[in-house]
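There are 2 protein chains.
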Amino acid sequence: MNTLRRFAVALCAALSFGCLALVATADEGMWTFDNFPAKQVQERFGWAPDKAWLDRVQAAAVRLTGGCSASFVSPDGLVLTNHHCVSACVQNLSTAAQDYIENGFVADSRDKERLCPGQQAEVVTAISDVTPRVQNALGKKTGADLAKARDAEIAAIENESCTDKEKERCQVVTLYGGGQYKLYRYRKYSDVRLVWAPEQQAAFFGGDPDNFNFPRFNLDAAFLRVYENGKPAATPQFLKWNPRGPEAGEPAFVVGNPGSTQRLFTTSQFDFRRDDYFPILVPLTAEYRGRLLAEMDDDPEKTRTGNSRLHGVENSYKVFIGQWQALRDDEFTARLSKAERELRDRVKGNAEIGDPWTEIDQAVAKFRPYFTDYFMLEERAGWRTDLFTYARELVRSAVEREKAATERLPNYAESRLPLLEKQLTDEKPTYPWLEEMTMAFWLSKTRELLTADDPRVKELLGKESPEQLAKRLVTGTKLADAKVRKELWNGGLKSVQASQDPLIQFALAVEKHARPILDRYRAEYDGPVTVAQAKLAKARFAAFGESVYPDATFSLRISYGAVEGWNERGKDVPFATRFDGLFDRATGAFPYNIAKKIGAAEEKIDQQTVYNFVTTNDIIGGNSGSPVIARDGSVLGAAFDGNIHSLGGSYGYDQRVNRTIVVSSAAVQEALEKIYVAAALIKELNHTPTTKP
Amino acid sequence: MNTLRRFAVALCAALSFGCLALVATADEGMWTFDNFPAKQVQERFGWAPDKAWLDRVQAAAVRLTGGCSASFVSPDGLVLTNHHCVSACVQNLSTAAQDYIENGFVADSRDKERLCPGQQAEVVTAISDVTPRVQNALGKKTGADLAKARDAEIAAIENESCTDKEKERCQVVTLYGGGQYKLYRYRKYSDVRLVWAPEQQAAFFGGDPDNFNFPRFNLDAAFLRVYENGKPAATPQFLKWNPRGPEAGEPAFVVGNPGSTQRLFTTSQFDFRRDDYFPILVPLTAEYRGRLLAEMDDDPEKTRTGNSRLHGVENSYKVFIGQWQALRDDEFTARLSKAERELRDRVKGNAEIGDPWTEIDQAVAKFRPYFTDYFMLEERAGWRTDLFTYARELVRSAVEREKAATERLPNYAESRLPLLEKQLTDEKPTYPWLEEMTMAFWLSKTRELLTADDPRVKELLGKESPEQLAKRLVTGTKLADAKVRKELWNGGLKSVQASQDPLIQFALAVEKHARPILDRYRAEYDGPVTVAQAKLAKARFAAFGESVYPDATFSLRISYGAVEGWNERGKDVPFATRFDGLFDRATGAFPYNIAKKIGAAEEKIDQQTVYNFVTTNDIIGGNSGSPVIARDGSVLGAAFDGNIHSLGGSYGYDQRVNRTIVVSSAAVQEALEKIYVAAALIKELNHTPTTKP
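One line per chain: the protein sequences are A and B, in this order.
For the first sequence, this note's numbering begins at 2 and goes up steadily by one.
For the second sequence, this note's numbering begins at 2 and goes up steadily by one.
Think of the hints as simulated: they come from the structure by calculation, not from any bench.
Every residue, glycine too, gets a C-beta built ideally from N, C-alpha and C.
Watch out, some of these pointers could steer you wrong.
Derived pair list, reagent style EDC-like, types lysine to aspartate or glutamate, alpha-carbon separation capped at 16 Å [to be verified]:
hint, chain 1, residue 1, chain 2, residue 2
1, B, K141, B, E353
2, B, K464, A, D585
3, B, K572, A, D455
4, B, K572, A, D454
5, B, K446, A, E547
6, A, K572, B, D455
7, A, K572, B, D454
8, B, K472, A, D298
9, B, K479, B, D427
10, A, K446, B, E315
11, A, K472, B, D299
12, B, K472, A, D299
13, B, K459, A, D585
Residues of chain B placed beyond 12 Å of chain A at every Cβ, according to the derived structure [to be verified]:
hint, residue
14, C171
15, K349
16, G477
17, D581
I would like the entire structure built from these sequences, with the hints used as guidance.
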């Protein structure tokens with residue numbers, strides 16, 4: 002490990018533009034499959050994957066539309082991912098009497114596998130470049146016109162390119178903030194079922210305190226299966242299951258869909274996040290978390306039904322804190338500034354590039370004064386609670402679907418509607434207490450931040466308190482019923498406008514105030530920043546050629562690295578944990594209590610089996626569930642987290658300390674054999690032709 | 002108003018060191034009575050108070066040890082202050098059956114006036130300069146030695162100077178961060194009783210959303226009475242009650258005890274607050290607030306018993322947000338930096354002053370790495386919940402009282418013990434649910450911020466979860482019983498160490514970890530900063546002479562200003578509200594519902610009576626309850642708040658927008674006559690010899 006660390010430090014020092022730049026150093030980078038850094042990998046390992054290897058892996062890589070990654074691990078559509086990627090589904094399938102979060106879920110035959118509401122699985126089948134076509138459509142447009150032209154051209158490309166809307170999805174992915182546009186064609190599976198999930202306490206031992214920490218002891222794995230015409234889909238391209246456990250220093254490839262990074266941001270964008278965005282977002286999230294914790298405390302049914310939301314909130318909260326700390330770290334930001342200064346120097350005088358930095362400064366300065374309005378009424382409207390989201394999307398999609406393709410907001414292009422419809426109309430439980438308290442929270446915070454005297458606040462609240470209004474809306478709405486949502490979806494704008502549903506009426510009132518803010522944002526921020534970022538991309542290509550990777554966009558990427566611990570303030574952190582460490586760390590008190598079934602199997606388990614391990618791969622949220630692939634193409638485990646240092650990874654990667662955390666295939670195999678006794682699964686995972694792949 | 006505003010703007014422009022400096026501009030400043038700015042006041046109003054006026058006012062000004070200000074308004078010890086200054090007392094005196102928070106409290110005869118637990122009232126009787134003596138004791142000492150020598154000398158002065166410990170209190174006040182030390186001698190009253198408090202909904206109409214806003218409609222007033230030997234104390238020096246209502250532009254003097262400002266901070270201290278302190282403090286406060294709100298929601302008894310704590314938390318939260326915003330405002334901080342640069346330039350080369358800025362930079366840099374430890378285990382230990390505070394103070398005072406006077410921490414000097422003993426041993430209800438949830442919150446956040454692997458966290462929690470430990474401590478402790486606390490206080494260290502009380506044992510364990518952090522803080526931050534600040538004070542006196550006022554220190558100050566509205570983004574805000582505005586603003590939904598007794602009296606009230614008004618006086622938290630005094634020495638009302646702009650007042654004053662908010666004597670008189678019908682009080686307030694004062 003020390004050798005590699007020295008390598009990284011030496012490399013950073015040698016590169017005059019610093020280690021946290023857009024140009025990959027050492028194991029940095031979330032690469033697209035059509036720009037795989039074969040040369041760097043060859044230098045790193047004396048070997049690099051060939052096209053056949055990459056094609057096989059791409060064909061086995063699965064995106065889950067809920068925001069996760071996964072992979073096929075059998076020819077019968079079996080999908081490996083994380084428990085936390087399916088926990089919302091597990092909760093949706095549970096009742097107070099049969100709680101799969103508490104007890105785990107094992108379908109011991111295929112007819113017991115159960116549909117996950119709203120879930121869709123997608124596999125990339127082709128990538129093609131559509132940059133010239135989009136750039137051509139933009140021409141010399143600016144502001145709102147530019148945003149509209151861009152969105153219309155993307156919508157047209159997506160709509161033309163996928164003819165089989167049942168099985169295909171086409172998506173134009175914006176890379177380098179507008180420097181490239183790529184058309185990704187997906188095979189999609191809309192019928193995704195739950196096969197196996199361990200007890201949540203097994204997957205999430207140590208809970209929030211251990212989240213993003215390492216050493217770690219989490220069985221954060223689960224299996225899904227994709228279906229086609231009511232039968233398991235044939236997936237001949239899959240990754241071989243490899244329960245051997247990782248070796249120190251061996252190469253590891255993480256293939257998945259990192260959600261979002263901001264490594265190509267300019268200084269004013271970083272400053273905005275540090276001084277405006279996080280100071281609003283973090284305290285709001287903290288208060289919401291506090292309300293949720295207190296509501297759930299000592300109430301078993303609220304604890305069960307609030308589980309998924311609480312974990313989402315606590316996970317996000319820790320991410321925000323980590324990102325924000327990175328931006329308040331002078332050493333970290335000095336490196337970002339240095340990289341920016343050097344890029345500016347390199348392209349000075351290049352007329353085609355001009356001064357995109359100042360253009361972005363101006364866009365940020367214009368956004369700042371109404372950011373709070375945008376945040377409360379648009380970005381976080383309804384605090385994204387299920388019922389309000391249904392109402393808002395029904396309202397907004399009804400309005401947009403009336404418009405010509407060239408006039409629509411991007412999320413309502415024809416190509417995007419099938420998934421939206423599925424998400425809006427799949428049956429799924431809602432929990433009134435959670436809806437009501439979330440709505441009341443959002444209403445009261447909107448009043449707090451916009452003030453009680455804001456005319457929009459006055460109009461939305463009328464004579465009611467936030468609590469009264471939330472109660473009336475949640476009690477009165479019928480949107481919890483999927484049939485009602487389906488009718489409104491089918492009925493379109495007329496139906497929505499005529500609806501007497503109080504939440505639809507309220508969403509119409511919110512829309513009245515949100516739309517002007519969104520329009521202004523698109524004209525004053527989104528449009529100008531798109532133009533400026535395209536120029537920044539040009540600057541980077543001019544300065545650094547192809548050794549540049551794009552920011553994460555929840556599209557398919559591959560990262561390379563090695564199985565390797567790190568040095569934490571003078572102390573070496575070993576690369577792996579084993580089952581024995583779990584029993585050592587347990588105190589018996591939540592969240593450090595051992596899951597019941599693991600506890601019961603303690604004597605049977607091989608305590609030396611590798612449980613979790615870390616690698617140097619550069620990942621970010623959205624990569625959860627990604628297969629961690631050995632040189633021979635087999636799957637060593639599923640990435641489920643980064644260490645605490647990786648949280649700054651939104652803005653920059655530091656190979657010395659950033660680590661990916663993986664649950665090993667070995668641990669999953671041990672659990673399936675001795676703890677959860679899932680014989681059919683073991684057989685399916687291990688009885689595959691040895692020639693694959 | 003426009004004239005005055007122009008005056009302020011012109012003055013700012015004329016003073017090369019900017020408007021937010023340490024040197025008072027226009028109505029800026031919280032002046033000590035021994036450095037009253039007579040010249041400025043004379044220039045401002047063509048008149049200034051003489052010594053007799055100032056002496057009379059000083060003798061009628063009352064400090065409440067709970068953190069508020071007040072004044073005598075009758076010769077029989079009657080004290081005017083704010084409702085929010087007595088609301089903890091009102092709550093302590095209430096039960097579920099007799100809730101004075103809900104219904105208000107009127108003692109219609111003196112035998113019905115009731116003791117406020119822990120409350121002490123104090124009146125300054127003399128101020129003398131002890132700077133040479135303290136500076137002499139410091140000599141050339143540094144670090145921990147300096148802090149110890151300073152505290153020992155202060156303790157000795159206080160102890161020697163007050164011989165009658167029953168009636169007197171002596172306190173050395175540190176001014177200009179160590180530039181001056183003044184001995185304040187107080188007449189103290191330990192028996193303070195509640196006379197009148199309106200319904201809380203009358204005092205706090207608009208609740209948290211309207212807090213710090215204006216226009217405002219709050220009857221935030223209350224009366225106490227000081228007793229001596231079981232009888233109302235004679236207070237011949239009192240302020241004449243003046244129910245006439247304010248006139249636009251008339252001079253107003255606010256006399257009280259502003260708690261704390263940081264206007265003399267250096268850049269690195271501001272940066273520390275912006276980037277380290279608030280990013281920890283604000284989200285923690287937000288989460289705690291969220292937990293508290295959710296616990297109280299729909300639970301009348303928790304709503305009643307958590308009331309005082311919730312208001313404290315929400316008020317602090319808004320203050321933190323306002324202070325933090327000021328420090329993230331580039332224009333605001335540019336003025337602070339400019340003032341600092343100019344002071345540095347003025348004293349450049351002065352060997353006696355040297356470079357205190359760099360000394361403070363270094364102290365801040367040393368503090369930063371263990372700030373979180375200090376914050377969680379020392380400054381906010383137990384999140385200041387009542388029972389933990391009892392336990393910690395019993396433990397710490399027992400340890401300190403064993404030491405020689407020269408060795409003690411400053412809060413445990415002999416002169417400070419009587420008040421501490423009173424606060425620890427007065428009978429006062431505690432609310433187990435609130436104690437338990439607060440302890441659990443603090444324990445879980447301590448684990449979150451210090452990490453689950455921190456050895457101190459491991460030792461404190463053992464095998465228990467934060468929730469289990471909090472429950473065991475709160476359920477097991479006997480410290481809610483004042484007699485038990487009294488025994489432990491009397492028994493001293495032996496008794497504390499032998500105690501089987503689980504909370505005492507826990508506080509001993511916390512103390513083991515907190516003490517080294519406190520020692521380090523005193524040696525590395527407190528000591529060096531005291532030395533540096535004394536040099537900074539020298540620099541300021543050298544540069545600006547006497548036109549400098551010290552930062553607020555919860556000691557007696559006077560500020561001058563005028564009754565005047567302001568211009569809010571192009572819109573004039575009138576200086577006063579009237580009763581009719583209250584009825585206009587009411588929606589019927591909490592917190593915009595009219596208090597029951599006000600509602601019932603609507604027809605009787607003179608709707609044109611001035612309710613609240615604003616003045617340009619420079620105040621800060623701690624000034625709550627301060628009399629607002631007219632030129633003739635009569636009291637026009639009680640200051641109860643600042644407007645939203647005043648929150649940046651911690652760091653700088655801007656006369657264009659900073660305003661003090663006052664509940665008028667006229668409104669109080671109207672309420673006593675027509676709403677609460679307190680005939681004896683009306684008589685006492687209005688039937689005073691016309692020659693007074």
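Here's how the hints hold up against the structure:
| no. | hint | verdict |
| --- | --- | --- |
| 1 | B:K141 <-> B:E353 | holds, 13 Å |
| 2 | B:K464 <-> A:D585 | holds, 12 Å |
| 3 | B:K572 <-> A:D455 | holds, 14 Å |
| 4 | B:K572 <-> A:D454 | holds, 14 Å |
| 5 | B:K446 <-> A:E547 | violated, 46 Å |
| 6 | A:K572 <-> B:D455 | holds, 14 Å |
| 7 | A:K572 <-> B:D454 | holds, 14 Å |
| 8 | B:K472 <-> A:D298 | holds, 13 Å |
| 9 | B:K479 <-> B:D427 | holds, 15 Å |
| 10 | A:K446 <-> B:E315 | holds, 13 Å |
| 11 | A:K472 <-> B:D299 | holds, 12 Å |
| 12 | B:K472 <-> A:D299 | holds, 12 Å |
| 13 | B:K459 <-> A:D585 | holds, 14 Å |
| 14 | C171 | holds, 42 Å |
| 15 | K349 | holds, 27 Å |
| 16 | G477 | holds, 17 Å |
| 17 | D581 | holds, 18 Å |
Of the hints listed earlier, the one the structure fails to meet is number 5.
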